[in-house]
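Novice: In case you want the letters, here they are:
2 protein chains.
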Amino acid sequence: MELRHIDEIRTIIATGRVFTDESDRFSYAFDASFGTYLPDIVIQTKDVKEIANLVKFADRELIPITPRGQSTSLSGGPLPVKGGIVLDLSVMRDILEIDEEDLVAIVSPGVLTAEIHKAAEKKGLFYPPDPSSSHVSTIGGNLAENSGGPRGLKYGVTKDYVIGLEVITPQGEIIHTGGRTVKNVTGYDLTKLIVGSEGTLGIITKATLRLIPKPPASTTVMAIFDNLVDAGRAISKVLSSGILPSKMELMDQASILAVENYEPTGLPLNAEALILIELDGHPAAVSDEAMQVSAVCKEIGARDVRVPQTQTEMDEVWRARKLVSPAIARIKPTKISEDITVPRSQIPEMCRRLQEIRQKYQVHLVVFGHAGDGNLHPNIVCDKSDHEEMRRVEQAVTEIFETAVQLGGTLSGEHGIGTMKSPFMEMELGAVGLDMMKRIKQAWDPNNIMNPGKIFPEPGQKLVLTDE
Amino acid sequence: MELRHIDEIRTIIATGRVFTDESDRFSYAFDASFGTYLPDIVIQTKDVKEIANLVKFADRELIPITPRGQSTSLSGGPLPVKGGIVLDLSVMRDILEIDEEDLVAIVSPGVLTAEIHKAAEKKGLFYPPDPSSSHVSTIGGNLAENSGGPRGLKYGVTKDYVIGLEVITPQGEIIHTGGRTVKNVTGYDLTKLIVGSEGTLGIITKATLRLIPKPPASTTVMAIFDNLVDAGRAISKVLSSGILPSKMELMDQASILAVENYEPTGLPLNAEALILIELDGHPAAVSDEAMQVSAVCKEIGARDVRVPQTQTEMDEVWRARKLVSPAIARIKPTKISEDITVPRSQIPEMCRRLQEIRQKYQVHLVVFGHAGDGNLHPNIVCDKSDHEEMRRVEQAVTEIFETAVQLGGTLSGEHGIGTMKSPFMEMELGAVGLDMMKRIKQAWDPNNIMNPGKIFPEPGQKLVLTDE
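So the protein sequences, as listed, match chains A and B. Numbering follows the UniProt record's numbering, in which position 325 of the first sequence is assigned residue number 325; successive positions increment by one, without gaps. Numbering follows the UniProt record's numbering, in which position 354 of the second sequence is assigned residue number 354; successive positions increment by one, without gaps.
The hints are simulated quantities; they were obtained by calculation from the structure and are not laboratory data. There's no promise every hint is true.
Copies of the same chain look alike in the list, so a pair counts if it works inside one copy or between any two.
[What the hints assert, rightly or not] Okay, derived cross-link-like pairs now, DSSO-like style, lysine-lysine, Cα gap no bigger than 30 Å in a straight line:
#1 214 to 438
#2 123 to 237
#3 46 to 122
#4 206 to 237
#5 56 to 118
#6 49 to 123
#7 123 to 298
#8 49 to 360
#9 332 to 438
#10 237 to 118
#11 438 to 322
#12 438 to 56
#13 237 to 122
#14 214 to 462
#15 46 to 206
#16 335 to 462
#17 82 to 360
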């Protein structure tokens, strides 16, 4: 970046902070995915007008600008792959208002998602989206990536709760999309276009989120199966019996083994699958539904079904699921987390194909995830300094994507495309489908300054997981 | 339209029907809103490839093409305001598949929404969106307009249930957006962009809809209030007490009077408001919640609270609400149905302002609607041959829109913009917000052939409700 650019940026960012030292910039060079890309300059400001002026300047001078929250992204969204400006929005966290009458929350992008959960619950309300990272990730990042989480099954994902946005366009104009009402059909739905667009269409500086009344009770059923196909059948059977659980989580044998090696919780090592089903709602409904769910699981042939009776027992049951990620992270230094999603009926087949892929490429593959909505997390643990292993991982990941799409599924259920999955976009969308997306990007951001290098593949781009 | 165009269209539409007689075309000149526009030609075909070729031809020859379902639209969506081709998709109704395992319905655009309700319920499943016209309107029309309905309060609107589309682009290419999975973050959300775009971005030829388990029980509470503000307070209080009803409908005094004049149902003529609250879910939850809701209404000061005990009593209670539309349609020959939506907290204020508007312009204004989500239907009954009256109606409608936007609401909650509300778009969206929408239209349909004259106002366009 030229010196005159840095000087001009310092003038624009009058109330905020500007970082140019390499040591400072290095903290902004990576996220929770793969690869390191040093930005030329890092900006922190809470002032919307300063951000708008910064974008105007970037658009005029053709400087890339990458907005960023806490960078817990698993797909590369906040990586400044083309250098330029990183805009750190985690400092923009002044607004967190809960309006009990309108049933909405108004939030700044830097507010942590868990803070919204807490503030809403304090007033008897509920913000359902619950990405696993919610205690460290910002709502701005959740909005950019359209984050999901276990509760997606019953309650949907981030997008389903966003009814209004304040956005800075790629030309530095401030617009307001949607509003404070759940129903709104005034023109094209820019709100839902921008949520999940990974910072490529503008910068979200404020959001209005829909809240719902907090369900007064919840309970959990844990069922252990000797084989994975039975677990899949139990999931289908529950869902077609008139019950919509708030969560339906699956752990395969590799997940169970990883957890038991990491911190023994007493799970049977020879079980092929474990499912955890959370029910929420009215207390009478919840306890009756827990009985029905238990009966279904036993009927399908569960080896063991447990319904915890106290909060402590309930926490204990969920502990195994929460330990999966830390447990597998200990096995090898590099963890590639995928989040393919298949139609529910294809979960058993997807699991079978994943077992084949594990054999074929001799990779350490662990499968867990939100089975109720078909969103699986195949994780490959590996060592990125071992180039031969990483080649096999690249092939395994490619085949996982191909299989998901073949089975009528999608590359990404909740992590986003970013840099990691852009080479596979055309496989899922077709050339024309991808072109229709590009037309929107070009119409909104003709100078391609907003988070360039994301979502859309470069010509000939392939998945590369080594730093070679 | 030139003769060579008609000849070429006949060649393209090999298996379908082509209408050119004025008497046939006239049936396609209007919808349930305002104005008559004769198309040059009307096409019926079930063949997606024929439609794609028709669009390619229209794009090449710059001929407007307006897709249409049953034309129950209240905002002008299916009106061929620029002439050209009307494509009648109501004949495309071969596919109505319910997949119990994946919890989805696959539907052709001409299938009636009520048929989807029935097919899903037969398998213990539920397609929640319930526009009042569902027994006569097509799902294709619901998708184009993003239709709502009373259940929007708890279950959301059409868009919330669409996870995949087959679409013919304005260049006649067939694309598939989304898929069969609820979670999907692979690129921009074209599905939710196209739903609600009123046929201006392409033609929907197939849709994948998400279904949920059918709630096993439901009940209703009817509460009658001496004043409207108390009714509004009761609605807020119920929603902040941890209960999310499936419907919360409001009728004002003018609605009650209209119904009682039309077909006496025993409602008190001096009550200022009546609310109907439907609760659904587990039987134990539903009956307990009905007691809580009744208690809240009594505490706020309801004059009378009734909980019907049998299905017959329940049907009786909902009859009054269902009679509102036919009752007011009898008062005068023309009915202008609006659907402004305000934040819930503004419902009492909006009702007060509507009373002022009724006085100021001396119009016959009736208010009812889905008060739980802030979506009100101010209906003005008038006589379109009385030009002086229609001028007052135009002014009253304009002031209704201005008031809704002033109170933080929107022009349209569920009816769409079409021709009726396009003059007011910039007032709500601002010039830049509207421009960002236009850029998408221009990028996708540079020749402006897809349903031209909708959503986006022509320069200087004003609301005109007379045929002068």
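Novice: Broken hints, numbered, in rising order?
Specialist: Result: hints 1, 5, 6, 8, 9, 11, 14 and 17 break, sorted rising.
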